[in-house]
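Based on these hints, arrange chain Z with the ligands on the given structure of chain D.
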Amino acid sequence: MYTGPENSYLKQPRGLKSWLLTLDHKRIGVMYLTAIMFFFLVGGLLAVLMRVELSSPARDVVSAELYNRLFTLHGAIMIFMFIIPSIPAAIGNFVLPLMIGAKDVAFPRLNLASWYIYVVGSLIAVASILQGGVDTGWTFYTPYSTSTNSAVITLTFGAFVLGFSSIFTGLNFIVTIHKMRAPGMTWFKMPLMVWGLYATAIIQVLATPVLGITLVLLIFERLFGIGIFDPAMGGDPVLYQHFFWFYSHPAVYIMILPGMAIISELIATFSHKRIFGYKAIAFSSLGIALVSFLVWGHHMFTSGQSELAAMIFSFLTFLVGIPSGIKIFNWVATMYRGSISLKTPMLYAIAFLLLFTIGGLTGIFLGTLAVDVHLHDTYFIVAHFHYVMMGGTVMALLGGIHYWWPKMWGKMYNETWGRITAVLVFVGFNVAFFTQFIMGSQGMPRRYYSYPDQFAFLHEVSSVGAYILGFGFLIMVIYLIHSLYRGKPAARNPWGALTMEWEAASPPTTHNFDKDMKLEHGPYDFDRVEVEDEEMVKA
Amino acid sequence: MSSESLSTRPAHLQHHFADTYQQGDAARLGMWVFLLTEILLFGGLFCFYAIYRSWYPDMFINAHRHLNVWLGGTNTVVLITSSVTMALAIRSAQLGKRREAVYNLVATLLLAAVFLIIKYFEYEHKIHLGQLPGKFYTFQGIAGSNPHVFFSVYFLMTGLHGLHVIGGMGVIAWMIQRTRRGEFSPEYYTPLELTGLYWHLVDLIWIFLFPLLYLIG
Ligand code: HEM
Ligand SMILES: [Cu+2]
Chain D
1 MYTGPENSYL KQPRGLKSWL LTLDHKRIGV MYLTAIMFFF LVGGLLAVLM RVELSSPARD
61 VVSAELYNRL FTLHGAIMIF MFIIPSIPAA IGNFVLPLMI GAKDVAFPRL NLASWYIYVV
121 GSLIAVASIL QGGVDTGWTF YTPYSTSTNS AVITLTFGAF VLGFSSIFTG LNFIVTIHKM
181 RAPGMTWFKM PLMVWGLYAT AIIQVLATPV LGITLVLLIF ERLFGIGIFD PAMGGDPVLY
241 QHFFWFYSHP AVYIMILPGM AIISELIATF SHKRIFGYKA IAFSSLGIAL VSFLVWGHHM
301 FTSGQSELAA MIFSFLTFLV GIPSGIKIFN WVATMYRGSI SLKTPMLYAI AFLLLFTIGG
361 LTGIFLGTLA VDVHLHDTYF IVAHFHYVMM GGTVMALLGG IHYWWPKMWG KMYNETWGRI
421 TAVLVFVGFN VAFFTQFIMG SQGMPRRYYS YPDQFAFLHE VSSVGAYILG FGFLIMVIYL
481 IHSLYRGKPA ARNPWGALTM EWEAASPPTT HNFDKDMKLE HGPYDFDRVE VEDEEMVKA
Chain Z
1 MSSESLSTRP AHLQHHFADT YQQGDAARLG MWVFLLTEIL LFGGLFCFYA IYRSWYPDMF
61 INAHRHLNVW LGGTNTVVLI TSSVTMALAI RSAQLGKRRE AVYNLVATLL LAAVFLIIKY
121 FEYEHKIHLG QLPGKFYTFQ GIAGSNPHVF FSVYFLMTGL HGLHVIGGMG VIAWMIQRTR
181 RGEFSPEYYT PLELTGLYWH LVDLIWIFLF PLLYLIG
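Top line first, the protein sequences correspond to chains D and Z.
So the first sequence is numbered by our numbering: it starts at 1 and just counts up by one.
So the second sequence is numbered by our numbering: it starts at 1 and just counts up by one.
Check each hint, because a few of them may be wrong.
[What the hints assert, rightly or not] Which bits of chain Z does chain D cover? Going by a derived footprint, with three or more residues having C-beta under 8 angstroms, they are: (1) 65–75; (2) 114–127; (3) 137–148.
[Unchecked claim] Not the full set, but computed from the structure, chain Z residues with beta-carbon under 8 angstroms of chain D: (4) 10; (5) 22; (6) 94.
[Stated by the list, open to error] Partial list, derived from the structure: chain D residues whose beta carbon lies under 7 angstroms from chain Z: (7) 33; (8) 103; (9) 129; (10) 178; (11) 225; (12) 434; (13) 458.
Since the hints were made in silico from the structure, they are not lab data.
Just so it is clear, the structure is predicted and the values come from calculations on it, not from any experiment.
Note that CB positions come from ideal geometry on N, CA and C, so glycine has one too.
Here chain D stands alone, though its shape is the one from the complex (with noise of 0.2 angstroms):
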């Protein structure tokens, strides 16, 4: 596999040894992707097993008690061991300290750490399997998961271990980009996937802790019976959900906001514009930060809580939605007479702003009181938290890892073969899960391993939707590695971007560039640099 010059940091130092003590952030980036991507392949298999027991009404390959489980190892495993680590842990951890021209993360040592962290935890929530699983779902329900036989302490466990990884992370982070940038690059000179790291991180920071705490109180709960979360000893279940959600809500953001990222930086670059309303999109990733701890309560709905903390928390849900809607405005924006070229990682986002678009729309429905009563616990809610990490967070770091892919590896991917299967996902993601917005309302509950035959065909195309997919990503490995072999050798700057990461080698040195950086123009001056032969000129 040739990978670029001598000097790359894939090459210097050598062997094995050289890798698992690296402190290089580049390296620990590339060891998160190979590890997430290990989990995303697991966690998408007993996807497809689900849907092949979901593609006729009757009992095909699973029990009701084994569909149970997959279904919680699925969902635990997509949450905590690929989608909340993805973006910030893999690519951010890559991109970051390069694109504000740092010769690292301030802490490498910390980073190494949350990377064996993080497997650590991997490995012990997986270990729930030689258990016999756990059937809660990866919310963890009380009273349930005090009283269920199964595998819960193993999992939560690994659950809490996998918080300190996160937090690291964050902590890493929130203290870079205050204090290593380049010279000149004030707060307003940084590229917006720094703010969205940033955002990100400080909700990893102060979220996780509360997730953690939690997990320790469910495992004493089920060790020693202290009553907190049960109420036949005086204990309120409610209160786990409080507790619970106070962390999840704003973990979906930890999960959208790398996303919303990426999506800044593929804009601007594939419509070669200065980007619309930057202060504006920066200010909203710090919005949603903010709003995202304020609205927990409407996983509650239907759970007991007050009818006035219903109401409060459902006004507070919708002014999430301006945040959000202020991005995809100036997304839009900077589109509008651009010089749009339709390469690969441009195409994800599209497809991200057209899927998240109608995630968080039905996210408002959710968000509604009355009609959350009705859709509550449906598959309109499957659809719509799918359309929102899938379509909205896979979707971005795919176009990242496409973006990124050449500064990585100094290897091009085969373009045609990316906007193939890029229409490949698209189409099987949406066969996949539109199908199941109109299930949900029209009632199928879910969870189900099996249903009344009246839902039989949408179930049956959803199934067919999920193949495709399957198949899309597929054929992604195949020309993606590939690409390491026999792909062309990338340029330095191979899509005309004004970030520093560009100006780093095509793949960077072990430290990054070759000079002490300096910031000399904004990060998306399009009308005012031009990108030459490599070298970026004044226009």
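What follows is chain Z with the ligands alone, placed relative to chain D:
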């Protein structure tokens, strides 16, 4: 560009920082963020405490009488003193008095040990009486519903705090090593400073736990 050119870079300066100020600043900010997460972690338990206390106010008051105010009070004094010796250790390092710094750190470590020993006797007594969390609670003689919850709160909060004391002792022991080896100087003592911040937080949390658990009424 950095003021310290490559040839004059001091040994403690890591390659990815431009100068000592940037490195120290980054470390302090990192520590403050970390302490914030610690406070949030305990925050969950404080919530638990507040909620249960408002549900069962009488039981809480009855149960808290079974904690030993004298032992708890002594421990409060012990920890505050250890915070002082910690601060003195940093002061000594700033002045370049290595030996004094070591003595102060050792004093801090010993006081932390005293804290744990007293805690051990308290725990021992409660375990003996059966005042244990949840379903292991067997003690008779506290009026009010679910007195075991008070002891669950007690063991969870003081237990988590105790773990922090143990962790802190490990770090302090390491700092003693490094100070003796002469790694710190008036120009560079950041690790000591960060250890100090952490230790003050451990102290501070206890200062909240003590009245909430021992002195309510
Ligand atoms: C490869 C495409 C995917 C397919 C075909 C798929 C399919 C499914 C299915 C069939 C369920 C069970 C629904 C139910 O019975 O209620 C489910 C649940 C879930 N999925 Fe996916 N999924 C996919 C990707 C993802 C991704 C990328 C994520 C997040 C990053 C995700 C997160 C979840 C979560 C959180 C649940 C809920 C688990 C629970 O109810 O406890 N899925 N998915
Ligand atoms: Cu939510």
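Structure-inconsistent hints, enumerated in ascending order: The structure breaks hints 1, 2, 4, 6, 7, 9, 12 and 13; every other hint is satisfied.
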